[in-house]
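Participant: Now for the letters of each chain:
Protein chains: 2
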Amino acid sequence: MKVSELSARSGVPLPTIKFYIREGLLPAGARTGKNQAEYSQEHLERLSLIRALRDEAGLSVAAIGRSLAAADRAEPEHFLEAAIDAIERPAGAAVDVRTADFRKAKEAVLSVARSRGWDVEDAAAAVHDAARALAVILRSFHPDATSFLEPYADAVWSIASHEIQEGWRPDAAPNAALRFAVLGTVLFEPFILALRRMAHVARTRQVTGVTKKAGPAKSRRKA
Amino acid sequence: MKVSELSARSGVPLPTIKFYIREGLLPAGARTGKNQAEYSQEHLERLSLIRALRDEAGLSVAAIGRSLAAADRAEPEHFLEAAIDAIERPAGAAVDVRTADFRKAKEAVLSVARSRGWDVEDAAAAVHDAARALAVILRSFHPDATSFLEPYADAVWSIASHEIQEGWRPDAAPNAALRFAVLGTVLFEPFILALRRMAHVARTRQVTGVTKKAGPAKSRRKA
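Keeping their order, the protein sequence lines are chains A and B.
If you count by the working numbering, then the first sequence holds residues 1 to 223, one letter each, in order.
If you count by the working numbering, then the second sequence holds residues 1 to 223, one letter each, in order.
Among these hints, one or two may not hold up.
A pair holds if it fits inside one copy or across any two, identical chains being indistinguishable in the list.
Computed cross-link-like contacts, SDA-like style, restricted to lysine to any residue with a CA-CA straight-line distance of at most 25 Å [what the hints assert, rightly or not]: (1) LYS104 x ASP122; (2) LYS106 x ARG116; (3) LYS106 x ALA52; (4) LYS18 x THR32; (5) LYS104 x GLU45; (6) LYS34 x ILE21; (7) LYS18 x SER147; (8) LYS106 x THR185; (9) LYS34 x GLU77; (10) LYS104 x THR16; (11) LYS106 x ALA74; (12) LYS106 x PHE180; (13) LYS106 x SER158; (14) LYS104 x THR185; (15) LYS106 x GLY58.
Because the hints were derived from the structure by calculation, they are not lab data.
Isolated chain A, as found in the complex:
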């Protein structure tokens, strides 16, 4: 199809399509003449993916570009992981990865993963990020690293098993798999964290016996 048809069928304005091509989010069409190029079904699917990542996941064009470029560069069996890893997360406290704290944290993360038979590379970005966060936790709370990790690993495994059902083929249709994996990771993160805060409140009240006040609930939410 011509670019005008791509625009009509995707609902994405022509200048925006050209912008996505310039920014590397969308591959250029196959040239068929001096000012003409041919676009395929895959371009249509990629546009739909870009819009979903922008409108549904709330990602910036720069973040989408980094994520898709990482997926395009990765070996086929790692493209989902690469796309997800490329989405930047809040930095949190600084951790020097050359310190003993970081090495100890990384060993603890890998040890809990290996004891469960998780097939994850030592050099994976998620392992690095988990170790980085854990290094700060160890520094602040000094817990016994090996035992206190177990319930977290159990909890995320039950979540991941629920999310990735038997028979799911990540290689079925790359753009659809990317949409599912990136949206599924990004959209559920704030949900899981907010649910954990709810559970904290409920659990604290259960343990301490301090309950909510009688009378109409007062919203502490800022406008």
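On the provided structure of chain A, position chain B as indicated by the hints.
Facilitator: Relative to chain A, chain B alone:
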């Protein structure tokens, strides 16, 4: 103690202490003369809390100020919740809270909480945040809201129960409780999310039979 002693004992420079007082993070001392004020043990503890939130949780002075002000304003039994709720989180996709999507999401969140006997106010910020995230999920994935939430609620409850042990008294020493609650919430968030990404990779490989490549692991981590 005089402010000079407060500075010496806390290790926080005098100009920084004055800055924290101006910004409302630290209460002013009790005036004892024209240019003199008396500081207490509580000032020392508060300074230690501020430094922990800055250095360990990586929070900005503005974020610490908002969190502590919310805790100071709250009713005593809600001060921890207020401090945690006041820490801003990544916004994600925009959700209009007046829409049917949001109302449906909030009902689903409250229903899963109530079915487990969680004592949480309808107007709590965590409920609002969970509903906001869920509204985007429903819009993007259209799942059956009531049933797919259960494994998430089970997982966060097991995490919260692990984190909030029997006998923990959130009212023991306010500054210590704040440090534990805020750091415990904030520091573990990136850890749990990274661990979930690891579990995704491992679970996907288990389900699809696609495993990691042989040969030396290649780091995809950017320098």
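Participant: Give a verdict on every hint.
Facilitator: Status of each hint after checking the structure:
1. Proximity of LYS104 to ASP122 under the C-alpha cut-off of 25 Å is restricted to the intra-copy arrangement: shortest distance 13 Å within a copy versus 41 Å between copies.
2. In the homo-oligomer, the alpha carbons of LYS106 and ARG116 lie at most 25 Å apart inside one protomer (16 Å), although the nearest pairing across protomers, at 35 Å, exceeds that limit.
3. In this homomeric assembly, LYS106 and ALA52 come within 25 Å of each other (Cα to Cα) only across copies, at 23 Å, whereas the closest approach inside a single copy is 34 Å.
4. In this assembly of identical chains, the alpha carbons of LYS18 and THR32 lie at most 25 Å apart only when taken from the same copy (17 Å versus 69 Å across copies).
5. For the identical chains of this complex, LYS104 and GLU45 are neighbours neither inside a copy (44 Å) nor across copies (30 Å), given an alpha-carbon limit of 25 Å.
6. When the C-alpha separation of LYS34 and ILE21 is checked against a cutoff of 25 Å, the pair qualifies only within one copy, where the shortest distance is 17 Å, while the shortest distance between copies is 68 Å.
7. Proximity of LYS18 and SER147 under a CA criterion of 25 Å is satisfied in neither setting, with 53 Å inside one chain copy and 42 Å between copies.
8. Both within a single protomer and between protomers do LYS106 and THR185 lie at most 25 Å apart by alpha-carbon distance, with minima of 22 Å and 21 Å respectively.
9. Neither within a single protomer nor between protomers do LYS34 and GLU77 lie at most 25 Å apart by alpha-carbon distance, with minima of 37 Å and 72 Å respectively.
10. In the homo-oligomer, the alpha carbons of LYS104 and THR16 never lie at most 25 Å apart, since the shortest distance is 47 Å inside one protomer and 34 Å across protomers.
11. Proximity of LYS106 and ALA74 under a CA criterion of 25 Å is satisfied intra-copy only: 24 Å inside one chain copy versus 39 Å between copies.
12. When the C-alpha separation of LYS106 and PHE180 is checked against a cutoff of 25 Å, the pair qualifies only between copies, where the shortest distance is 23 Å, while the shortest distance within a copy is 29 Å.
13. When the C-alpha separation of LYS106 and SER158 is checked against a cutoff of 25 Å, the pair qualifies both within a copy, at 22 Å, and between copies, at 24 Å.
14. Only between protomers do LYS104 and THR185 lie at most 25 Å apart by alpha-carbon distance; the minimum there is 22 Å, versus 27 Å within a single protomer.
15. In the homo-oligomer, the alpha carbons of LYS106 and GLY58 lie at most 25 Å apart only across protomers (20 Å), although the nearest pairing inside one protomer, at 31 Å, exceeds that limit.
Comparing the model with each numbered hint stated earlier shows that hints 5, 7, 9 and 10 do not hold.
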